[in-house]
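**Q** Spelled out, the chains give:
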Amino acid sequence: MSKKIHVQTTINGEPAEFLCEPRQSLLEVLRDELRLTGTKEGCNNGNCGACNVILDGRLVNSCLVLGAEVQGKTVTTIEGVAPSQGLHPLQQKFLEHAALQCGICTPGFIVAARALLEKKPNPTEAEVRHWLAGNLCRCTGYDKIIRAVLDAADLSFRARANGRERETISQVRGEFP
Amino acid sequence: MSTSTNGYKVIGTRPIRHDGVDKVTGRAVYGADVQMPGLLHGRILRSPIPHGCIKKIDASKALALPGVEAVVTAADFPNPGDKIAELGEGAVNLRHLSSNCLARGKVLYKGQAVAAVAAVSPHVAEEALKLIAVEYEPLPHVTDVVEAMRDGAPLLHDDLVTESLGKPTGKRSNVAKHFQFKIGDVEKGFAEAAVVVEREFHTATVHQGYIEPHAATALWSADGSVTIWCSTQGAFTVRAQMAELLDLPVSRIKAVPTEIGGGFGGKIRVYLEPVAAALSKKTGRPVKITMNRTEVFEGTGPTPGSYIKVKMGADKSGRLTAAQAYLAYEAGAFPGSPVGPGAMCIFACYNIPNVHIDGYDVVVNKPATSAYRAPGATNAAFASETVVDEICEKLNIDPLDFRLKNAAHEGTRRADGPVYPRIGMIETVEAAKKHPHYNSPLAGPNRGRGVATGFWFNCGLKSSATASVNADGTVSLVEGSTDIGGTRTSIAMQLAEALGLRAEDVRPVVADTDMVGYTDVTGGSRVTFATGWAAYEAAQDIKRQMVARAALVWGVKPEDVSYDAGVLRCKTDDAKRLTFKELAEKLHATGGTIVGRASVDPTGVGGGFATHVVDVEVDPETGKVTVLRYTAVQDVGQAVHPSYVEGQMQGGAVQGIGWALNEEYAYNARGEMTNASFLDYRMPTSLDLPMIDTVMVEVANPGHPYGVRGVGEVPIVPPPAALANAIYRAVGVRLTQLPMSPGRVVKAVLAKK
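Read top to bottom, the protein sequences are chains H and C. Following the numbering used here, the numbering of the first sequence begins with 67 at its first residue and continues without gaps. Following the numbering used here, the numbering of the second sequence begins with 6 at its first residue and continues without gaps.
Keep in mind the hints are simulated off the structure, nothing from the lab. Mixed in with the good hints there might be a few duds.
Said to hold, decoys possible - Quick list of in silico lysine-lysine cross-link-like pairs, BS3-like style, CA-CA up to 27 Å:
#: 1; chain 1: C; residue 1: K66; chain 2: C; residue 2: K135
#: 2; chain 1: C; residue 1: K439; chain 2: C; residue 2: K321
#: 3; chain 1: C; residue 1: K66; chain 2: H; residue 2: K70
#: 4; chain 1: C; residue 1: K14; chain 2: C; residue 2: K586
#: 5; chain 1: C; residue 1: K60; chain 2: C; residue 2: K111
#: 6; chain 1: H; residue 1: K70; chain 2: C; residue 2: K135
#: 7; chain 1: C; residue 1: K135; chain 2: H; residue 2: K69
#: 8; chain 1: C; residue 1: K66; chain 2: H; residue 2: K69
#: 9; chain 1: C; residue 1: K467; chain 2: C; residue 2: K88
All values reported here derive from a predicted model rather than from experimental measurement.
Looking at chain C on its own, in the form it has when it is part of the complex (with noise of 0.2 Å):
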């Protein structure tokens, strides 16, 4: 066990997590892991196509095969029509979410939902789908952003009008918003540069790759009331979704957050809770739906494609000037994709007196784009941090040094507004420079080092937090934030640093939505810091009442009393003197148990800065890129528990790598994903990657109690720009499209021979 730092005792060192032995025991209850008696098992119909008109859907014989119980259409859903919900992180068209769970006289993706059937098991469930008859017209279809955005291009949306710098156009196309974010002027700024380089990048389409599909399990009860059962990153937008997708009042819906097999911002929207809720309805029998990998692939949400132009100037001393973006998003089958984010991001990193950005957001006949760790930023800096690095090249100045050198820093205004509070971004920087690695030699052919820094936002969002007091002097602690990567844990510490206690005296739970107050996704690198501010607030109110009862005890004020670590003392008398443990056995016999209570929406999110640091080596011959060295620095603010903000970076990364090096929806020419499984679609294995060290840099957030800040989303930001510039040191080509596979590093050295 480590110590801690800042004169902690809890937060900084490294407990077993709570949940930990269920989950290496196998006892812990995933999404499809949930059974009950009578349960039906469901499977959906999906589009072979990616463009077209329903005409008709019979089912007569799948409801005639022995064992199947119902079926169901968009038509057994109410028509939402184009309501806009705020669903806690993000508005939504519910039309499109509900078409989306099942088409809606159109599908616009190969793999969207237009049926779904409950039977008896699964094998009889998947035969049903066989007997199906969906009568389709076909359209042509767009699946690249660039060609999409072109006019002429098929029109997804008969009544998607572009809306360009927050008016209507009255132009039907396929582009749904336009935007910009301006400061100084951008003309002036590269007049002023000694240097400019413009150059066009392409990234392809990723999924997130949690390993659990989808599960979700509906019990529509005779009285009304819907229970669903659902791997989620957030059971309240499950039972807000529910409900606008249903018609029915959140209070009839309850949302239980089953263990989550990963999400990284895929399992926040709805896809089979309100279908297997309808099957529900109408056997009157608990529903599961499954998805299998390929049905993840193809009909969840990915993150997007896009087409992004960046050109950057600097000086000769090596400050940048001016820089410019022109970002396209694919969006998915609807508007929304994170270009938006995207844009903010692109240029984060550095304080840069005149730029300009214009955004696009498009839609294409792809799966909805979802969002996935930090994003849009990782495309972003992809564009950007490669300019950079080239800009370094061209003035020949150490792609660190330049960064301290225009690093952004507190008081700097980001092109889309804010102004920076304190940010580690200088320190990430200094800290990879004076890195052993970084000051390594890397000897032999072939090989090169990249660098590259990122950024992301972080949020806050509301959470809610009870935790009671038990008798033998240990706490029950109720939140609402799913757990994916031992956040009852970080959430716990926050609590024991807060009443003197260790973190094994703290019991956290998981609640749904009718035992906890409403509690945001686990997303935005905000459970740490909103969930545990909402447990360090239960803290302070149990500490209030701890104080208050001890005075009753001892017959005197309040005010005569003290608490610190886990003692309280009587002002007016030393040998009054309870812990907590001991005043904890007094409850019951003075008055009963004591309750904290707490519901935060904080403001102070301290955003991310991460500086990566990668060492390759390029087999000419095949393409094939090796990872030899990896080392990722990152500002986390005050690490709460170091082995699992590690866990963070180090997930990020690799998933940067794989999004750099071999990640990619392949298309065919009919518009069909030609690689749905984890054999064709290359995710990194262990045999693919080394070690990867990290580098914490706690730089704490003035905004957070114990000086929390989001860790998890900003790793995923820089490998794919520090991999490419990397393979540039080792043999001299630059690639400027993503997946940097292994044939198309082959075809760029090539073409350089």
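If we strip away everything but chain H, and leave its shape as in the complex, we get (with noise of 0.2 Å):
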């Protein structure tokens, strides 16, 4: 076993350390290391989307990526879309429009939507389809994903064209309980 490597970063907001080797990928860091195990591995090479993260602004397969380059980076997973309460809008629709079966590519899916829309917060439907065909789901056919997604987009694009980005979506709409 090879030296381990002294790894400082800020995962979800908050700083983080930790130790890895050199080989290790950082979807093994945050899975084995800070379990953070929402972020999922399904092929381990860079075509399934399953573990997306968002390094420095930028959506990355998080299996593509060693677990020593996020030294002094920045690292947003899944489990820091939501906002401390309730949910991100992303999570809201996708839960609305039955979005997910077997739910193991809804993490990956929302976290590479989140990245879409704080570029593109009003997508049009085929923008979401090229921007997602990086993320395999092989239980809904795509069809309520691309749903949520473009509905998530549409009230997002409200709340924050009236500056009420970190409300979720039940306080911006009253209908949902």
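Using the hints, put the two chains back together into the complex; each one sits in its own frame.
**A** Dropping the structure here:
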């Protein structure tokens, strides 16, 4: 076993540090060292998107990033998507649209969709389909996922326009319990 | 929230699923997420060759590597011999099952497990695999069903003797079984036909493609009991298989199902579970084994490739007079392909007087096949439904009119024997015919519209549930069906409906094998039907006890108490009235809580029919087929949670589209799969698809208290045929081989020119 590397980073807004072997991927570090198991492994070679995280504002497959590479950087995982109270609009819309069946790909889709909405707050269906083409879902046929993302985009776009970015969907729209 | 039909208050609505928040926030625990103190990591060494004898396994160097704690091989397992075990969804030869977990004496496919290591980290375990020396004596291999059936083909099993029509033939071959279904006289039927079409078809091996690789964690305790945490479609079938393979009584094994990241039939058979247990026994520590994606492709059950020949005839009026089929399916390394259901389904949509079907189960040097959503039916429908389309074309009859004319209905006898109860084949075709999609013009070059129908049996099997009334008027529901697509909610909704509660008032939990009564696998489109029925019966049990308790509180006889829509009333005194919640508050003070329980094994299963309509555009230069529009119509019985019913229809249709257009196990001459990754095994992405429109035709199943029918499987059946028929209308070529990938389409288009 090779000597471990000490890494200091920021994960979901909090300072974090860990020791990892040079060969350990960010995905392994998140799951096995930091116990952030919301990030999933589907293929371990960058083809399925189940391990998507946001690294310094950029959507990446954490299986293709080494743990040691995140020194001094900022990582957002699925565990950091929701505000401290309630859910992110994407999470709420995934539930309302039944956009998940088994749910294993869901964290990756939500992280990827969040990255899209940050770049492009009001995307078209074609843009959503293009952006999410790196995320495989085998259960849903994507229909309800695309609808959920478009609906969430619509909602957060309006919320943002009103300067209420941090509010949850239930606060923005009174009709949801 | 939609309003319900048929007078139900809960059934037919769309509540948020109970496990939803955990699954959108990353908190839900799946197979690979299991962590525990002292955990060791296991890895599997797999055969690099498709066929050979194992001469020697030397693990001494691996065991010497620091951090390696144990190595196991087949020698560490009891030799089960040729025992046939009934495991809830079909019987299995334990010798085969055991050899599929760790090969004994021989390897029969590349990727078959040969040895396993437990070490302090996954990386150390992987290093150790490279240090295990296995000496093989390679044997000639065969990976194609037609070649495997030829005389002189390499034989996989020394002791495999073909059984034909129920009798051993004495002939050693790769054909495990030949069977036949007959009705009427096909020669006479073909003589009466004005049009006869006969075609041959080939379909490729495809994988279920669940996104979560297999994962299992085992702890063999010092008291001799074994606990296994795993991603499975059925905790009880895991327990049963483990008991047989490890030669332990079932009571010594506890199977704890984690959340499951997709299964589609592929997570019923055990692979890692007994191996992790054996490693835990040797080390005294918990051992977790996970597969990588290549292992999933090469080492777990895909669904078979097949060769099918279909001949069908119809008279001038468009009535089918006879149908004949020859189906040969690749079982993979061990007998047991789904050719049986394939043969039963191939003409199941039609009322045909004369039918003759021959089925062959054939072993080849590929992974042992597993169930995959309506196992066997998709291959079969690709063949029969494209032949039907050709007959329609020759007779110049609209393909939906033709199906209406020949549709199976209540009273139709299928060639394999059963007579249909109330079914919805006609209704789905009528709904497709009325749909705006079918009636819209499709303009433009190289575009075409295709239709196809499909059938799947669905099944019942055994389920158990217990439900306890909480003091706040809610009910905690404990059931044993692992939830792959929202079934906690569809089960809870049936209990809520029966008790007059809201879906949110029920707290469903999926339990392990020590916490709930025996429950069969999540498969066969059975869970909402059968486990939902168990929940319904548990609700009846609660109702009876609530009525008795109200009677006690009021000092009247139970027969003087009524229960309706969650309210108990005294028939002899209008002033006496308690809601479910009000009585629930009084339970502790009046004799203790109330627990309802049920165990069911329901008959009354309703078969499912689907009719799909698809528009495609074919690029004649590249062969790429673009799906422009897709409509899936299905008889779903009473839809319990319509969103998740639509989801099953959409997901099934898209798996069928992938099977039709892209997916296949590509093999080289050395018998190796050459595309064992998600990059090269091309499943549909969001960019490949339009929205999938759904039409739920609700023909209530008279065999279920709420009219529920299985919905999960049949939507995968029509797509390949519907797409083949659409491609024909677009560019005038009939494709008879799956997948209809760009290369094949271009070749066919060029050949036509």
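**Q** If a hint holds in the structure, say so; if it does not, say that too.
**A** Hints, verified against the model:
1. Annotation: proposed proximity of K66 (chain C) to K135 (chain C) holds, straight-line Cα distance about 9 Å (limit 27 Å).
2. Taking the CA atoms of K439 (chain C) and K321 (chain C), the gap is near 25 Å; set against the 27 Å cutoff, the hint holds.
3. Taken as a hint, the K66 (chain C) and K70 (chain H) pair is honoured in the structure, with Cα atoms around 25 Å apart against an allowance of 27 Å.
4. At most 27 Å may separate the alpha-carbon atoms for a hinted pair to count; K14 (chain C) and K586 (chain C) meet this at roughly 17 Å.
5. Only pairs whose Cα atoms come within 27 Å are accepted, and K60 (chain C) paired with K111 (chain C) is accepted, the gap being roughly 9 Å.
6. At most 27 Å may separate the alpha-carbon atoms for a hinted pair to count; K70 (chain H) and K135 (chain C) meet this at roughly 23 Å.
7. Only pairs whose Cα atoms come within 27 Å are accepted, and K135 (chain C) paired with K69 (chain H) is accepted, the gap being roughly 22 Å.
8. Distance hint between K66 (chain C) and K69 (chain H) is fulfilled; the C-alpha atoms sit about 23 Å from each other, no more than 27 Å.
9. Pair hint K467 (chain C) plus K88 (chain C) holds up; C-alpha atoms about 23 Å apart against a cutoff of 27 Å.
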